[in-house]
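Undergrad: Starting from the given sequences, assemble the full structure and let the hints guide the process.
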Amino acid sequence: MTRDDGRMRMTVLGGYLGSGKTTWLRHQLHHGQFKDALVIVNEVAETPVDAAILGDVPNLVVLAGGCVCCEAQRELVHLLRDVCDARSGFDSSDERLQRIVLETSGLADPRPIVEAVRNDSVLVHHIVVSEIIVAVDALHALEQLRSERLGRAQMEVADRLVVTKIDAAQPGVTRLLATLRRLNPGAVISGSARGSVVSLPACDDADPEPMPELSDEAAKSPIFATKLLLDTSIDWTAFSVWLSALLHARGDDVLRVKGVARTPAGRMLLQSVRKTVQSPEILPEQDERMDNVMVVIGRGYCAEDLRRSLQYFATAERT
Amino acid sequence: MCASCGYPAAPGHWTDAGATDPGDRIRARFRRAQVLNAVLRPYGLTAHDGGLIPGLQIATLSGSQTIVDDLDGVWVAAERLAGGAVDPLDARFVRTGSEAP
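Chains B and F are the protein sequences, given in the same order. With this note's numbering, the residue at position 23 of the first sequence is 23, and numbering never jumps. With this note's numbering, the residue at position 39 of the second sequence is 358, and numbering never jumps.
Simulated from the structure, these hints should not be mistaken for laboratory data. For every residue, glycine included, the Cβ atom is placed at its ideal position computed from N, Cα and C. Just so you know, not all the hints are guaranteed correct.
Coverage of chain F stretches by chain B, computed from C-beta distances (three or more under 8 Å per stretch; other residues unrestricted) [what the hints assert, rightly or not]: (1) 342–351; (2) 354–361; (3) 401–409.
A short, non-exhaustive set of chain F residues, derived as facing chain B with CB atoms under 7 Å [what the hints assert, rightly or not]: (4) W333; (5) T334; (6) W394.
TA: In structure tokens, the structure reads:
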């Protein structure tokens with residue numbers, strides 16, 4: 001397949017919840033990679049937090065409220081068809097959009113997305129999936145490979161595996177690298193720390209992790225997203241007490257928390273993966289619609305219980 | 320790190336990030352202790368932060384106490400002193416008003 005067949009190249013960027021997809025993409029965009037590309041960001045939750053992280057990307061479309069590999073696949077196909085329609089209006093190849101980057105949600109299997117593009121009678125003439133890049137969380141990937149069918153499927157299908165958070169995971173990362181080489185021998189593996197390229201340690205001596213057959217039990221209960229509104233009754237301090245307690249007690253079920261909170265210090269981006277909370281980041285003043293909303297993605301609890309519990313923490317002493 | 324008291328034991332905890340100036344920091348510390356007291360009381364524990372020395376004091380009603388650096392330390396200490404994890408999704412925290420005793 002050559003570039004001059006006239007079709008747009010699509011890069012699918014996948015990876016499990018909190019694996020560092022958006023951080024990596026933000027860094028690439030900042031350094032001029034994927035220049036002039038249309039960036040499509042998909043999120044399971046209705047409130048798109050990743051758009052706030054990416055900031056002022058000129059050509060950004062957000063598909064929120066469903067995963068594009070399953071429930072929101074029709075929306076993705078419609079969006080891509082519209083993009084193809086608009087592109088067909090330009091005669092000169094110089095003016096035409098050449099590249100699309102699709103950042104999937106952390107719950108997406110890239111395979112159905114590629115199939116959806118290939119099987120669509122319009123899209124197949126306009127778009128070719130040129131690369132599947134999967135972000136691999138150096139801190140949590142071995143656990144995901146052992147217990148999560150989806151995490152394993154994402155890593156198996158990648159053309160390129162970007163092992164993120166290398167700086168936080170040394171030296172245990174060699175075992176992960178050896179495991180990835182066995183799981184997906186064809187993939188190019190690179191390292192990354194906060195989006196910057198980091199060289200990988202040699203892993204020739206490391207033993208790969210044995211991969212047990214995943215039973216249905218491993219699929220466990222479904223993972224779902226809950227939106228928490230931090231209204232005026234919930235202050236940042238009470239929220240941080242509540243979240244730290246929740247992650248301590250339920251860190252294996254609460255897979256991902258992300259959102260932008262208004263604090264006395266300004267707009268703050270908060271992200272966690274299981275029990276690990278990333279250092280919060282103060283964001284520039286921007287569109288306020290996304291503020292004071294936290295998205296909690298996990299399983300094994302009831303969404304309403306989260307809201308009630310948070311309310312209890314925030315108001316107990318005042319009543 | 321302070322050579323006398325060993326504080327801070329690690330670079331800033333994420334829960335401290337919302338307050339940057341001294342006034343906000345002290346307000347956040349008092350509010351944190353207030354919320355913790357409400358949450359820990361049913362477990363027979365109290366939290367105290369006088370605002371003068373670093374760290375939080377967690378104590379049982381019988382008087383044994385410990386000083387912790389941050390909220391992660393609070394939950395570890397509470398688990399040890401109360402004999403079980405403080406789970407925010409425990410029934411006592413998720414009851415609606417009508418169900419409350």
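Undergrad: Now tell me if each hint is right for this structure.
TA: Results of checking the hints against the structure:
1. Here the segment 342–351 of chain F counts 5 residues with a CB under 8 Å from a CB of chain B, which clears the bar of 3, and the coverage holds.
2. Coverage of the segment 354–361 of chain F by chain B holds [criterion: at least 3 residues with CB-CB distance below 8 Å; count 5].
3. With 5 residues having a Cβ less than 8 Å from any Cβ of chain B, the segment 401–409 of chain F passes the three-residue criterion, so the hint holds.
4. Of the supplied interface hints, the one on W333 (chain F) holds, with its beta-carbon coming within about 4 Å of a beta-carbon of chain B, less than 7 Å.
5. Because the smallest distance between the Cβ of T334 (chain F) and any Cβ of chain B comes to about 4 Å, under 7 Å, the interface hint for this residue holds.
6. Among the interface hints, the one on W394 (chain F) holds; its C-beta lies about 4 Å from the nearest C-beta in chain B, closer than the 7 Å criterion.
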